[in-house]
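First to last, the protein sequences are chains A and B. Note that the numbering used here has the first sequence beginning at 1, numbered continuously upward. Note that the numbering used here has the second sequence beginning at 1, numbered continuously upward.
Derived by calculation from the structure, the hints in this document are not laboratory data. Computed from a prediction, not measured in an experiment: that's the story for all the values here. Possibly wrong hints are sitting among the right ones.
[To be verified] In silico SDA-like pairs for lysine to any residue, Cα to Cα no more than 25 angstroms straight-line:
#: 1; chain 1: B; residue 1: Lys171; chain 2: A; residue 2: Ser162
#: 2; chain 1: A; residue 1: Lys31; chain 2: B; residue 2: Lys171
#: 3; chain 1: A; residue 1: Lys13; chain 2: B; residue 2: Val391
#: 4; chain 1: A; residue 1: Lys13; chain 2: B; residue 2: Asn317
#: 5; chain 1: A; residue 1: Lys144; chain 2: B; residue 2: Gln325
#: 6; chain 1: A; residue 1: Lys13; chain 2: B; residue 2: Tyr74
#: 7; chain 1: A; residue 1: Lys144; chain 2: B; residue 2: Glu205
#: 8; chain 1: A; residue 1: Lys31; chain 2: B; residue 2: Gly331
#: 9; chain 1: A; residue 1: Lys31; chain 2: B; residue 2: Arg67
#: 10; chain 1: B; residue 1: Lys366; chain 2: A; residue 2: Lys115
#: 11; chain 1: A; residue 1: Lys49; chain 2: B; residue 2: Val391
#: 12; chain 1: B; residue 1: Lys366; chain 2: A; residue 2: Arg17
#: 13; chain 1: A; residue 1: Lys13; chain 2: B; residue 2: Gly331
#: 14; chain 1: A; residue 1: Lys144; chain 2: B; residue 2: Lys171
#: 15; chain 1: A; residue 1: Lys94; chain 2: A; residue 2: Lys115
#: 16; chain 1: A; residue 1: Lys144; chain 2: B; residue 2: Tyr74
#: 17; chain 1: A; residue 1: Lys31; chain 2: B; residue 2: Tyr316
#: 18; chain 1: A; residue 1: Lys13; chain 2: B; residue 2: Lys171
#: 19; chain 1: A; residue 1: Lys5; chain 2: B; residue 2: Gln325
#: 20; chain 1: A; residue 1: Lys31; chain 2: B; residue 2: Ser315
#: 21; chain 1: B; residue 1: Lys50; chain 2: A; residue 2: Asp155
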Amino acid sequence: MNEFKLSILDLLKEDARLSAATIATMLGAEKEDVSAAIAEMERDHVIVKYATVINWSKVDDEKVTALIEVECTPERGRGFENIAERVYLYPEVKSVYLMSGAYDLLVEIEGKNLKEVASFVSNKLSTIDSVISTKSFFILKKYKQDGIIFEEFEDDHRLLVSP
Amino acid sequence: MIKDEEKPQIEQVEGSRSGGMQHHLAASARAIPPSGIRRFFDLVSASKDKDIITLGVGEPDFVTPWRIRDAAVYSLEKGKTQYTSNAGMPELREAIGQYLYNQFNVAYDPAKEVIVTIGGSEGIDLALRALIEPGDEILVPEPCYISYSPITSLSGGVPVGIETFAEDQFKLTSASLQAAITPKSKILVLCYPSNPTGTIMTYEEMLPIAKIVEENDLIVISDEIYAELTFNGNHVSFASLPGMKDRTILVSGFSKAFAMTGWRMGYACGHPDLISAMLKIHQYTVMCAPIMGQVAALEALTKGGLEEKDRMVESYNQRRRLVVQGFRDMGLKCHEPHGAFYAFPSIHSTGLTSEQFAERLLLEAKVAAVPGHVFGKGGEGFLRCCYATSVAQLTEAMERINLFLRSLE
């Protein structure tokens, strides 16, 4: 990945709503070059989606999130690919990572309440053939996600005018 | 209940109050004009409007990088709460010497040529007080940072403003310096990269200035507090010019480069004779810079603070381009600021004075920016806009300024 594209990604990861024209000005580049680079990265799935980071704890219908450690048996020739796919296709599953260490997959699940998440784990996840065991951990509070701090302690405390 | 016979006495007390205490003040303190920036600050603060976007600040929008804050917290936990040596912790002076050599190619002996001060401001105060004798003329290219002239006056010196112009990108020219020199000229104050104009001076541009300094036996106080914030090529320290090291007191600090304004950590470097005189004043007035600030500053210079600094500089540069382009798109002339974090667009075309423009911009468009005239000669007709603010805020501010300009047409 070249320097130029990395600079664009650096800006977009902070604010996905920046226009190509603004990015071009900020980087001292041509708007056409920025648009072309973005289009290319969208096509190559470098840029997968422009999403919004939401602090769900401030929304009335609060959600429950859990991290599930899954131990499973890999398949000959395919490793963990099939089982990962079977897991990530469920809409309840927010993320799936293949891990080194004591377990194999780390699965993030989101549900309306504790019961919903628990029932997904026992009915859907644990029943997959190659799954040996699961351990569930419910998230109580999010402090920071994807580099963004949820608390508002970084407000601007500067004097309005100073020399 | 006040008895009738006591009333005259009370009136007498009130009478002496209304007479005030002014007559007790030193003439030099009374003579200092109130700061124009302070007046504008009061105006902005009085409005209490939450919707105001401010481009009026003079400090980074980053908080001090966490590793630097953490080092200070840790040192407090370990009980580092004592005085340090007057000139500052030896390891910090060592680090400053090394840093200046690596970054700007100027070599100072940490033992004799470096003093740690309470912000760059104290360094300027010490230098002026150590050098000025009553009647000495201090040459100050303007528009510039607001404290050189008042401190000069306090020491009995005479500040001589040298006007610089937008068509020269507010650089000091040898002709205007030469024209300002009299037999009483003693010190030239330089501040590049400049607050408020963002101007820098290159090696070639400073060479003729150095020649005049040499010929007229001047001392230079070079305020290089924005040295790290340059966007096209590295900063050139005036002290690095041939023959200038001994004639220059380099004043700088941690506030701008490392986002450490509230720590009040600065330093001054120069000839041992000058530094030891400054050290005397420093030890009698403040003893030493606070140890927790010194610990934090040491962390900034030695452990990863430099990477954080580079990241911040790149971010300023992006926002600089955005703001300069924004002003030009709305039809304001704006010279390219190559340093610091200020743009200094011209508002001459509106026909308003900078004070009128800034006040109306605040009240009608809810954007605060500092009117140029507070920075001295040549500042009238310009506006200092600090772009150390989020891209979202800058974009909104630019839209508001644009609408305000259209409303004037």
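Taking the hints in turn, this is what the structure says about them:
1. B/Lys171 / A/Ser162: Measuring from Cα to Cα gives roughly 24 angstroms; hence the hint holds.
2. A/Lys31 / B/Lys171: Roughly 32 angstroms between the alpha carbons, so the hint for A/Lys31 and B/Lys171 is violated.
3. A/Lys13 / B/Val391: holds (13 angstroms)
4. A/Lys13 / B/Asn317: holds (18 angstroms)
5. A/Lys144 / B/Gln325: Answer violated: A/Lys144 to B/Gln325 is near 34 angstroms, above 25 angstroms.
6. A/Lys13 / B/Tyr74: violated (33 angstroms)
7. A/Lys144 / B/Glu205: With Cα atoms ~48 angstroms apart, A/Lys144 and B/Glu205 exceed 25 angstroms; violated.
8. A/Lys31 / B/Gly331: holds (21 angstroms)
9. A/Lys31 / B/Arg67: violated (37 angstroms)
10. B/Lys366 / A/Lys115: violated (50 angstroms)
11. A/Lys49 / B/Val391: holds (21 angstroms)
12. B/Lys366 / A/Arg17: holds (24 angstroms)
13. A/Lys13 / B/Gly331: Given pair A/Lys13, B/Gly331 is violated - Cα atoms ~32 angstroms apart, limit 25 angstroms.
14. A/Lys144 / B/Lys171: violated (46 angstroms)
15. A/Lys94 / A/Lys115: Distance of about 17 angstroms is within 25 angstroms: holds.
16. A/Lys144 / B/Tyr74: holds (23 angstroms)
17. A/Lys31 / B/Tyr316: holds (20 angstroms)
18. A/Lys13 / B/Lys171: violated (38 angstroms)
19. A/Lys5 / B/Gln325: holds (22 angstroms)
20. A/Lys31 / B/Ser315: Holds. A/Lys31 to B/Ser315 sits at ~19 angstroms (cutoff 25 angstroms).
21. B/Lys50 / A/Asp155: Holds, at about 13 angstroms.
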